[in-house]
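Model the placement of chain B on the given structure of chain A, informed by the hints.
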Amino acid sequence: MQFACACSARQMLYECNRNHRKIEQQTRRLGYWWRITVVMGSFQSLPDDHQYQTLSKNTGFSLEQIAILHNRFKQLSQNEETLRRDDLKTIQDLESNPIRSQIIEAFFDSRNFQNDGVGSVEEIGFEEFLTVMSYFRAPPQHITEEQREKIRRSKLRFLFNMHDTDNDGTITLEEYRHVVEELLSRSGALGRETAKGIADAAMLEVASISVGPMAPDDFYEGITFEHFLKILNGVEIETNMHIRFLNMDATVLCK
Amino acid sequence: MMPRLSSIVPESCLLIVVGLLVGGLMKLVAEVPPVLESKIFFLYLLPPIILDAGYFMPIRQFTENLGTILMFAVVGTLWNAFFVGGLLYGVCQFEGHRLVNVDLLSCLLFGSIISAVDPVAVLAVFEEIHINELLHILVFGESLLNDAVTVVLYHLFEEFSSVGTITVMDVFLGVVCFLVVSLGGIVVGAIYGLLAAFTSRFTSHTRVIEPLFVFVYSYMAYLSAEVFHLSGIMALIACGAVTRPYVEANISHKSHTTIKYFLKMWSSVSDTLIFIFLGVSTVAGPHEWNWIFVVATLILCLVARVLGVVGLTFVINKFRIVKLTSKDQFIIAYGGLRGAIAFSLVYLLNTDHFPKRNMFLTAIITVIFFTVFVQGMTIRPLVDLLAVKKKQETKRSINEEIHTQFLDHLLTGIEGICGHYGHHHWKDKLNRFNKKYVKKCLIAGERSKEPQLIAFYHKMEMKQAIELVESGGGSKLPSAVPSTVSMQNIQPKKSPQDRALPQLSKAREDEIRKILRTNLQKTRQRLRSYNRHTLIADPYEDGWNEILIKRKRMMELEKKISQMNNYLTVPAPAPDSPTIARARLASDPQAWGLKSLTESIPTIKVDLASPQSPESFNMVDEIGKKGSQSKASEEEDGLTMKVPSMTKPRKDKTANEDDDKEPQQRLMRCLSDPGPAGEEDEEDEPFLH
Chain A
1 MQFACACSAR QMLYECNRNH RKIEQQTRRL GYWWRITVVM GSFQSLPDDH
51 QYQTLSKNTG FSLEQIAILH NRFKQLSQNE ETLRRDDLKT IQDLESNPIR
101 SQIIEAFFDS RNFQNDGVGS VEEIGFEEFL TVMSYFRAPP QHITEEQREK
151 IRRSKLRFLF NMHDTDNDGT ITLEEYRHVV EELLSRSGAL GRETAKGIAD
201 AAMLEVASIS VGPMAPDDFY EGITFEHFLK ILNGVEIETN MHIRFLNMDA
251 TVLCK
Chain B
256 MMPRLSSIVP ESCLLIVVGL LVGGLMKLVA EVPPVLESKI FFLYLLPPII
306 LDAGYFMPIR QFTENLGTIL MFAVVGTLWN AFFVGGLLYG VCQFEGHRLV
356 NVDLLSCLLF GSIISAVDPV AVLAVFEEIH INELLHILVF GESLLNDAVT
406 VVLYHLFEEF SSVGTITVMD VFLGVVCFLV VSLGGIVVGA IYGLLAAFTS
456 RFTSHTRVIE PLFVFVYSYM AYLSAEVFHL SGIMALIACG AVTRPYVEAN
506 ISHKSHTTIK YFLKMWSSVS DTLIFIFLGV STVAGPHEWN WIFVVATLIL
556 CLVARVLGVV GLTFVINKFR IVKLTSKDQF IIAYGGLRGA IAFSLVYLLN
606 TDHFPKRNMF LTAIITVIFF TVFVQGMTIR PLVDLLAVKK KQETKRSINE
656 EIHTQFLDHL LTGIEGICGH YGHHHWKDKL NRFNKKYVKK CLIAGERSKE
706 PQLIAFYHKM EMKQAIELVE SGGGSKLPSA VPSTVSMQNI QPKKSPQDRA
756 LPQLSKARED EIRKILRTNL QKTRQRLRSY NRHTLIADPY EDGWNEILIK
806 RKRMMELEKK ISQMNNYLTV PAPAPDSPTI ARARLASDPQ AWGLKSLTES
856 IPTIKVDLAS PQSPESFNMV DEIGKKGSQS KASEEEDGLT MKVPSMTKPR
906 KDKTANEDDD KEPQQRLMRC LSDPGPAGEE DEEDEPFLH
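Protein sequence lines, in the order shown, are assigned to chains A and B. With our numbering, letter number 7 in the first sequence gets 7, and the count goes up by one each step, no holes. With our numbering, letter number 433 in the second sequence gets 688, and the count goes up by one each step, no holes.
Chain A with its partners taken away, still in its complex shape:
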């Protein structure tokens, strides 16, 4: 514990990894089911448990979920400390996803790391990985209206950041067109032509809802975050934007 307190977070993580690796080697012979119980039992005896505790407090995941995500992180980064874009590009399931590049970018966008950074980074550590993942947690059952609103805003902020690539605080027409084009990128030429029309129509709608009647010479700069909130009022983001995080390690079964 004294060792943990004295070092930086990265080193702690490294220690944690090292212990994990040792245990993994030991349990490999024992097979899959044994591995779960040993891993579950092992991290409880780890001295760097403290790190998980902090992460759990910051992001809201449970300790088991963090352990599983950590395993996945190591699997993706090939047991290194940091994750790069290429590591994420190797995931086969993402191949057929039309907004693949945007998703990958979101992981490397420091606006999503909740530490007031800007710009994109080349590699991320486990903490950033977990922070981005935490946007997809389901809201807890008994929360106040305020907290619900806060969660909603943070999830919508994540989406907004995904669209607003140049970080000027607004989604311009070009950026929105790009979004729709990406969505329809699997449809060939047909998609490209109508994508523009769709993006234009959508923009018109936002403008009319947010600003109301405009004179012919007024110019609507772009969708600000407040307008974004307003137009997505109908989509219940806090309940829709989540995935089920496992409490049991099933990642060995999948790629």
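A portion of the hints provided could be inaccurate.
With a cut-off of at most 35 Å between alpha-carbon atoms, the simulated DSBU-like pairs for lysine-lysine come out as follows [said to hold, decoys possible]:
1. K690/B - K57/A
2. K57/A - K582/B
3. K89/A - K690/B
4. K89/A - K695/B
5. K682/B - K57/A
6. K230/A - K573/B
7. K690/B - K230/A
8. K573/B - K645/B
9. K684/B - K230/A
10. K691/B - K89/A
11. K644/B - K718/B
12. K578/B - K682/B
13. K682/B - K150/A
14. K74/A - K578/B
15. K646/B - K150/A
16. K515/B - K691/B
17. K150/A - K645/B
18. K644/B - K150/A
19. K815/B - K150/A
20. K573/B - K57/A
21. K578/B - K150/A
22. K573/B - K74/A
23. K74/A - K682/B
24. K578/B - K230/A
25. K515/B - K89/A
26. K150/A - K573/B
27. K57/A - K578/B
28. K515/B - K230/A
29. K89/A - K150/A
30. K714/B - K230/A
31. K646/B - K230/A
32. K230/A - K682/B
33. K645/B - K230/A
34. K230/A - K644/B
35. K89/A - K684/B
36. K230/A - K582/B
37. K89/A - K682/B
38. K684/B - K150/A
39. K74/A - K684/B
40. K718/B - K230/A
In short, the hints are calculated from the structure, not lab data.
Below, chain B without anything else, positioned relative to chain A:
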């Protein structure tokens, strides 16, 4: 007085009262009132309602809550059946004298019949209270899916009552039977649904009978399932749900409307008849009133429902992300209405096996009356009192659609990164399979490759275009149209020298607008009448890239225009034709540029931005633009209404029309001169490449 009455009393109650009156009247006249015969009910009255429900089922919410719905439908109904049946038997034993010979099997059978929530009653009541979608789909889905359980239990107990003894093997077989009945019903329905979808692929030449296929195939699915003692209701639901996405992509807009209205009409009629008949049967049917039995039934039903819902929700909430609150549970429990299906099932009982059938009938009628009247009437004030979330009345906007799709892909991607195959992953896989194989088989032509977002957008566009024309040229505005924001408000401004096209003077614009507006109104009155063999083909479904259709359109258009001698050339005709075709073509003037893919038919784009579209035309000569395909032209033409070419404004223009002078002039000649029809063939050339 009447409007107030219908806001307090749900329609179903009023109908039952009417039935009672009619029955009473008939009895007074010493006529025998007709009873709701089970054959008529199951074969003719029930299917339209179920088909209507299945065809318009919101698939997304249904599949999201499928686990919960199945729990309520299967486990809930089983619990209800055994609880009510068992305790009723106990009550019968205790009370002695007249009830002692009611054996356990009869009680269980009665319990299984009465425990099923009835879709007809639920629909009738819930439609009026506009409750939020989650609760609606939960109760409604439960009422549909519990049919399988009811069918199995009913047949099981009927068989057992003639056999006499039950073994564990029989119970096991019962479970297997349930699986066969429900899954078999779904499979039968799905097969017929796919057949209907496949048939509709080839109906582009016989638009008039398209709705017939949907109805016939669905009814056949129902009958086939019933013949094999599978669950007919589930077959019908599966058929409707499977058919809908493919059929809607294939059939014409008019057929779609026809299907919708016919289904609503039939289900309305059935609904009304069922409740009236219930009232009449109450007066007519043989009754045997037994206070204890009836009251016990009523109380046990209510108690069983409440206990079942509470218990199940406790278990379900462990697996749900969006938990069910106690308010939700109350509404679900309170919404468990019984209806005509239970009545008909009891009516079918054989009096030899079930000597107490009349008593059962009386008890069932009492329970039905109680649930429909008391629960039906009080649910609306209770919903208001408890401040239960109501259905959102807003229409789906294009932004929401874009972001829903975006979210879907995003969540699938995140699941991929996380490494586990969750709910979104399988949904995505199913969608891709659907797109890759199924759609190609079942949807005709170009539409098979159309992504959902584009389909939604076109549907919206068309709806607005139709509304626009129907409102007589834009005096009133359809609600969803953004009012006074137009493309120029969101386009980044360009410096004047980038503009390749001159603008018209204001006065000219106003003049043209006025003429066009009056034109629009006049053309609507000039539609030719037709018989069913010469229905104007709707270009919406014929594939907007098909040159032939466009050509036909242009020829018809020219014929019409040649009749209007003095008017400017406005292709503003029948509400469903070229306007829409052009709307489709017209997202980008480059689309019909010099490429061989498309041709230079002048396009009309529907101005989604402005309600007074005819008045806000951008009088830009599109053909002149072909040469100058600068960004300015492409961006400004986004969504405004354009008119191909004018005789008058042409003189004002200084557009660069070098290579296009000739086709332009020919075009002008075609459109403005009332030339002889024989020349049309050669004049078509400018339109084609």
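Here is what the structure says about each hint:
1. Of the supplied pair hints, the one linking K690/B and K57/A is violated, its CA atoms being roughly 43 Å apart against a limit of 35 Å.
2. Distance check on the hinted pair: K57/A and K582/B sit about 32 Å apart at the alpha-carbon level, within 35 Å; holds.
3. For the suggested pair K89/A and K690/B, the alpha carbons sit about 24 Å apart, so the restraint of at most 35 Å is met.
4. Between K89/A and K695/B the CA atoms are separated by roughly 30 Å; this keeps the pair inside 35 Å, and the hint holds.
5. Restraint check for K682/B and K57/A: the C-alpha separation of about 32 Å stays at or below 35 Å, so the hint holds.
6. Taking the CA atoms of K230/A and K573/B, the gap is about 32 Å. The hint holds against a cut of 35 Å.
7. Between K690/B and K230/A the alpha-carbon distance is near 33 Å, which keeps this suggested pair within the 35 Å criterion.
8. Between K573/B and K645/B, the direct Cα distance comes to roughly 25 Å. Compliance with the 35 Å bound is thereby established for this hinted pair.
9. For the suggested pair K684/B and K230/A, the alpha carbons sit about 32 Å apart, so the restraint of at most 35 Å is met.
10. Restraint check for K691/B and K89/A: satisfied, since their Cα atoms lie roughly 24 Å apart, inside the 35 Å limit.
11. Among the hinted pairs, K644/B with K718/B is consistent with the structure: their alpha-carbon atoms are about 29 Å apart, no more than 35 Å.
12. With a CA separation close to 22 Å, the supplied pair K578/B and K682/B stays within the 35 Å bound.
13. Distance hint between K682/B and K150/A is fulfilled; the C-alpha atoms sit about 29 Å from each other, no more than 35 Å.
14. A distance of roughly 33 Å separates the Cα atoms of K74/A and K578/B; the hinted pair therefore holds under the 35 Å criterion.
15. At roughly 24 Å between alpha-carbon atoms, K646/B and K150/A fall within 35 Å of each other, so this suggested pair holds.
16. A threshold of 35 Å between alpha carbons decides the hint, and for K515/B with K691/B the separation of about 28 Å falls inside it, so the pair holds.
17. This hinted pair checks out: K150/A and K645/B have alpha carbons roughly 23 Å apart, not beyond 35 Å.
18. For a cut-off of 35 Å, the pair hint linking K644/B to K150/A stands: about 21 Å separates their Cα positions.
19. Between K815/B and K150/A the CA atoms are separated by roughly 60 Å; this puts the pair beyond 35 Å, and the hint is violated.
20. Distance restraint check for K573/B and K57/A: the Cα-Cα separation of roughly 23 Å lies within the 35 Å cut-off, and the hinted pair is therefore satisfied.
21. In summary, the hint linking K578/B to K150/A is supported, as the alpha carbons are separated by about 19 Å, within the 35 Å threshold.
22. A threshold of 35 Å between alpha carbons decides the hint, and for K573/B with K74/A the separation of about 30 Å falls inside it, so the pair holds.
23. For the hint linking K74/A to K682/B, the alpha-carbon distance of about 27 Å falls within 35 Å, and the restraint holds.
24. The suggested pairing of K578/B with K230/A holds, with an alpha-carbon distance near 25 Å, which does not exceed 35 Å.
25. Simply put, K515/B and K89/A have alpha-carbon atoms about 46 Å apart, too far for the 35 Å limit, and the pair is violated.
26. About 25 Å separates the Cα atoms of K150/A and K573/B, which keeps this hinted pair within 35 Å; it holds.
27. Using a Cα cut-off of 35 Å, the hinted pair K57/A and K578/B holds, with the two alpha carbons roughly 23 Å apart.
28. Annotation: proposed proximity of K515/B to K230/A holds, straight-line Cα distance about 33 Å (limit 35 Å).
29. Between the alpha carbons of K89/A and K150/A the distance comes to roughly 32 Å, so the proposed pair stays at or under 35 Å and holds.
30. Restraint check for K714/B and K230/A: the C-alpha separation of about 24 Å stays at or below 35 Å, so the hint holds.
31. For the hint linking K646/B to K230/A, the alpha-carbon distance of about 19 Å falls within 35 Å, and the restraint holds.
32. Taken as a hint, the K230/A and K682/B pair is honoured in the structure, with Cα atoms around 28 Å apart against an allowance of 35 Å.
33. A hinted pair counts as satisfied when its Cα atoms are at most 35 Å apart, and K645/B with K230/A qualifies at roughly 20 Å.
34. Under the criterion of a C-alpha separation no larger than 35 Å, the hint pairing K230/A with K644/B is consistent with the structure, at around 19 Å.
35. For the hint linking K89/A to K684/B, the alpha-carbon distance of about 19 Å falls within 35 Å, and the restraint holds.
36. As the CA atoms of K230/A and K582/B are separated by approximately 28 Å, the hinted pair is consistent with the 35 Å bound.
37. The hinted pair formed by K89/A and K682/B meets the criterion: a straight-line CA distance of about 22 Å does not exceed 35 Å.
38. A hinted pair counts as satisfied when its Cα atoms are at most 35 Å apart, and K684/B with K150/A qualifies at roughly 33 Å.
39. Proximity of K74/A to K684/B is assessed by CA-CA distance (about 26 Å); at most 35 Å being required, the pair is judged to hold.
40. Simply put, K718/B and K230/A have alpha-carbon atoms about 24 Å apart, close enough for the 35 Å limit, and the pair holds.
Violated hints, in rising order: 1, 19 and 25; the structure is consistent with all others.
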